Amino acid sequence: DTAVSQTPKYLVTQMGNDKSIKCEQNLGHDTMYWYKQDSKKFLKIMFSYNNKELIINETVPNRFSPKSPDKAHLNLHINSLELGDSAVYFCASSQGYQETQYFGPGTRLLVL
Amino acid sequence: DQQVKQNSPSLSVQEGRISILNCDYTNSMFDYFLWYKKYPAEGPTFLISISSIKDKNEDGRFTVFLNKSAKHLSLHIVPSQPGDSAVYFCAASSYSTSGTYKYIFGTGTRLKVLA
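Chain order of the listed sequences is A and B. For reference, each letter of the first sequence is one residue, going 1 to 112 in this note's numbering. For reference, each letter of the second sequence is one residue, going 1001 to 1115 in this note's numbering.
One chain only, chain A, in its complex shape (with noise of 0.2 Å):
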């Protein structure tokens, strides 16, 4: 009964490549976001949706497009993949903006 969960939890790649991590909540949250912890371990904000809406976008490049199925999914593809993109991906959720956000286990991808 995990709360938000992961999938997969590793992922090793070629560079090039494109791929997807997908992210589910079951605590019924209606707003869901992408962190990304890099090898200096700043664990900074990517994207974040709000009733499937895109409420949040940093500065990511745009090889990175979340998609929101439904409330309680926020996928992440991410194309033609870089070695810059080796890093810990988190998903998130809360139940509104400032409310506490509950984090997935991460998925370590490494791009080779």
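Calculated from the structure, these hints are not laboratory results. In this text the structure is predicted, and so the values were computed from the model without any measurement. Accuracy of the hints is not assured; some may be wrong.
For lysine-lysine, the following DSBU-like pairs were computed, each having C-alpha atoms within a straight-line distance of at most 35 Å [what the hints assert, rightly or not]:
{"id": "1", "chain 1": "A", "residue 1": "K44", "chain 2": "B", "residue 2": "K1056"}
{"id": "2", "chain 1": "B", "residue 1": "K1054", "chain 2": "A", "residue 2": "K52"}
{"id": "3", "chain 1": "A", "residue 1": "K9", "chain 2": "B", "residue 2": "K1112"}
{"id": "4", "chain 1": "B", "residue 1": "K1005", "chain 2": "A", "residue 2": "K9"}
Please arrange chain B on chain A, whose structure you already have, making use of the hints.
Chain B in isolation, oriented as in the chain A frame:
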């Protein structure tokens, strides 16, 4: 431009003693602050928060102090237990230009509680 800073990358404390983790911020528009705890290979877990209208919030062994004039907050854990060993992230929230709030995280402090 690091708006939230945790200048101590690591801290070791004896079991039973107090752990004090510090966090500094630069943006005076931040109005909500949080601490998250993170174990290896897991996502961050919410620990405690404080609104900018308060200077202290307590929850069991955990207390967060906010000094707005110094733009500083701290997390006190008393008494420290071995299970508290984790990375602690400070986060601050502000209203973004997109019309919503977003969290800005520090880089974390690794706490090790020695038995």
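How the hints compare with the structure:
no.	hint	result
1	K44(A) to K1056(B)	holds (26 Å)
2	K1054(B) to K52(A)	holds (34 Å)
3	K9(A) to K1112(B)	holds (26 Å)
4	K1005(B) to K9(A)	holds (29 Å)
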